[in-house]
Amino acid sequence: MAQTTSTTVANWLLTEVMSQIALDPLRGKYALLPFLNMADISGRATKNRKIRKKNAIAAAVDDSEGVDFTASAVALGVASNVTITPTTKVQGVELTTDAIELALPGVARSQVVAAIQSGSPAALPLVRDAMTEILEAHYLRAETDALALFSGLSESASSSGANPTAAPLSFATLLEAMLKLLDNNPASEDLVFVLDEVGVADLRTLAASGAGAALSSIFTGGGAGDLAFFNHRPDVSRNGFRGSFAGIPIYAANKAIMATANTGAADRVGALIVAGRGETGAPGSVRGFAELTERYEPSLGFEYDLGKDSLLAVGRWCWAVAEHTDEHGVKIIYDKT
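Numbering (the working numbering), first residue to last: 8 to 344.
One or more of the hints may lead you astray.
As the list claims (entries may be wrong) - Heads up, simulated EDC-like pairs for lysine to aspartate or glutamate below, C-alpha to C-alpha not over 16 Å straight-line:
{"no.": "1", "residue 1": "K262", "residue 2": "E334"}
{"no.": "2", "residue 1": "K57", "residue 2": "E301"}
{"no.": "3", "residue 1": "K57", "residue 2": "E304"}
{"no.": "4", "residue 1": "K36", "residue 2": "E140"}
{"no.": "5", "residue 1": "K96", "residue 2": "E140"}
{"no.": "6", "residue 1": "K262", "residue 2": "E108"}
{"no.": "7", "residue 1": "K60", "residue 2": "E330"}
{"no.": "8", "residue 1": "K187", "residue 2": "D333"}
{"no.": "9", "residue 1": "K60", "residue 2": "E286"}
{"no.": "10", "residue 1": "K96", "residue 2": "E108"}
{"no.": "11", "residue 1": "K187", "residue 2": "E301"}
{"no.": "12", "residue 1": "K60", "residue 2": "E301"}
{"no.": "13", "residue 1": "K96", "residue 2": "E143"}
{"no.": "14", "residue 1": "K262", "residue 2": "D342"}
{"no.": "15", "residue 1": "K57", "residue 2": "D69"}
{"no.": "16", "residue 1": "K187", "residue 2": "E162"}
{"no.": "17", "residue 1": "K54", "residue 2": "E301"}
{"no.": "18", "residue 1": "K60", "residue 2": "D333"}
{"no.": "19", "residue 1": "K343", "residue 2": "E204"}
{"no.": "20", "residue 1": "K96", "residue 2": "E304"}
{"no.": "21", "residue 1": "K315", "residue 2": "E101"}
{"no.": "22", "residue 1": "K315", "residue 2": "E162"}
{"no.": "23", "residue 1": "K96", "residue 2": "D152"}
{"no.": "24", "residue 1": "K36", "residue 2": "E301"}
{"no.": "25", "residue 1": "K54", "residue 2": "E304"}
{"no.": "26", "residue 1": "K96", "residue 2": "E286"}
{"no.": "27", "residue 1": "K57", "residue 2": "D242"}
{"no.": "28", "residue 1": "K36", "residue 2": "D242"}
{"no.": "29", "residue 1": "K36", "residue 2": "D152"}
{"no.": "30", "residue 1": "K36", "residue 2": "D197"}
Treat the hints as calculated values from the structure; they're not laboratory data.
It should be emphasised that the depicted structure is a prediction, and the values quoted were computed from it without experimental measurement.
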């Protein structure tokens, strides 16, 4: 008969795991998540979040002496609300006790089983690596969903017209994206390019030897001084930061989870976006192009099944991402190869 003992992992384990992810040189890249507005709706009466969008008001008009002001010219209201409904995401992994024992030299199987069954905090470090993988799986899903929002942006800058088939990314495409986004008069100019490593490599090649497409062909006069307009650097911190173009940071996301365009060619979809800071509407916050809404924070737990002689480690997180305002982003389409 299987005997299962459940234990709730202490908060300090979650903190320890998150710290380990931040310091691990081999961790995955989560380039976009830090640039989303974060909103916590835990404890709310409803299980969704509504984003209020103000409509634009017109400029003031001339007045005439002796004419009564009877009504406002524009009714200040709220355009269509955007609703975000967080969903619980669950990720688990089953480990045999033998696997744990082999991975922990000097720790006997009986010690592992006894610690888990008794709910001893001593068991928590034994499963920390598994918990780290589970938490990263949640972050990976959130990053994937956030990157998928790029495809829904109405403004587009393309490396070769509306339907590129084999055109690499160019500086001209980045300049086009900048013009379109700034022409929308966004609320903030805290801008960020999000590409993949192929796009960054295309720009690096252009800066060095691009025939007919290097910076010198864009700016009159040209010369080596133009290369300072594009700076490339190694991603030492593993947060996706790869340099800058025209003073705007460039972040490279994981190409495996980026959206693709044009079913036949499957070109990559990057973007130039307004970065978000804080919670939308809060003092000092900067409204970005999208928001991550959390109904409850990540939690980790595990249970031991005596019948299977296995450890089931489980993580839960309830969240969702959604676009704020369409004019806060321009998608960038370029060849993925």
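Hint by hint, here is what the structure shows:
Distance restraint check for K262 and E334: the Cα-Cα separation of roughly 25 Å exceeds the 16 Å cut-off, and the hinted pair is therefore not satisfied. For the proposed pair K57 and E301, the alpha carbon gap of about 13 Å is at most 16 Å, so the pair holds. Restraint check for K57 and E304: the C-alpha separation of about 19 Å exceeds 16 Å, so the hint is violated. Restraint check for K36 and E140: satisfied, since their Cα atoms lie roughly 14 Å apart, inside the 16 Å limit.
With a C-alpha separation of about 15 Å, the suggested pairing of K96 with E140 holds against the 16 Å cut-off. Note on K262 and E108: the hinted pairing is violated, with a Cα-Cα distance of about 36 Å set against a maximum of 16 Å. The suggested pairing of K60 with E330 holds, with an alpha-carbon distance near 11 Å, which does not exceed 16 Å. With a CA separation close to 12 Å, the supplied pair K187 and D333 stays within the 16 Å bound.
Of the pairs offered as hints, the one joining K60 and E286 holds, with about 15 Å between alpha carbons and a cut-off of 16 Å not exceeded. A C-alpha spacing of about 29 Å is found between K96 and E108, which places the hinted pair above 16 Å, so the restraint is violated. For the hint pairing K187 with E301, the CA-to-CA distance comes to about 31 Å; that exceeds 16 Å, so the pair is violated. Only pairs whose Cα atoms come within 16 Å are accepted, and K60 paired with E301 is rejected, the gap being roughly 20 Å.
Using a Cα cut-off of 16 Å, the hinted pair K96 and E143 holds, with the two alpha carbons roughly 12 Å apart. Between K262 and D342 the alpha-carbon distance is near 12 Å, which keeps this suggested pair within the 16 Å criterion. The suggested pairing of K57 with D69 is violated, with an alpha-carbon distance near 37 Å, which exceeds 16 Å. With a CA separation close to 7 Å, the supplied pair K187 and E162 stays within the 16 Å bound.
Between K54 and E301, the direct Cα distance comes to roughly 10 Å. Compliance with the 16 Å bound is thereby established for this hinted pair. For a cut-off of 16 Å, the pair hint linking K60 to D333 stands: about 11 Å separates their Cα positions. The straight-line distance between the Cα atoms of K343 and E204 is roughly 9 Å, inside the 16 Å bound, and the hint therefore holds. In summary, the hint linking K96 to E304 is supported, as the alpha carbons are separated by about 11 Å, within the 16 Å threshold.
Taken as a hint, the K315 and E101 pair is honoured in the structure, with Cα atoms around 10 Å apart against an allowance of 16 Å. Using a Cα cut-off of 16 Å, the hinted pair K315 and E162 is violated, with the two alpha carbons roughly 54 Å apart. Simply put, K96 and D152 have alpha-carbon atoms about 12 Å apart, close enough for the 16 Å limit, and the pair holds. This hinted pair does not check out: K36 and E301 have alpha carbons roughly 21 Å apart, beyond 16 Å.
A distance of roughly 14 Å separates the Cα atoms of K54 and E304; the hinted pair therefore holds under the 16 Å criterion. Taken as a hint, the K96 and E286 pair is broken in the structure, with Cα atoms around 22 Å apart against an allowance of 16 Å. For a cut-off of 16 Å, the pair hint linking K57 to D242 is broken: about 36 Å separates their Cα positions. Between K36 and D242, the direct Cα distance comes to roughly 10 Å. Compliance with the 16 Å bound is thereby established for this hinted pair.
This hinted pair checks out: K36 and D152 have alpha carbons roughly 14 Å apart, not beyond 16 Å. Note on K36 and D197: the hinted pairing is violated, with a Cα-Cα distance of about 21 Å set against a maximum of 16 Å.
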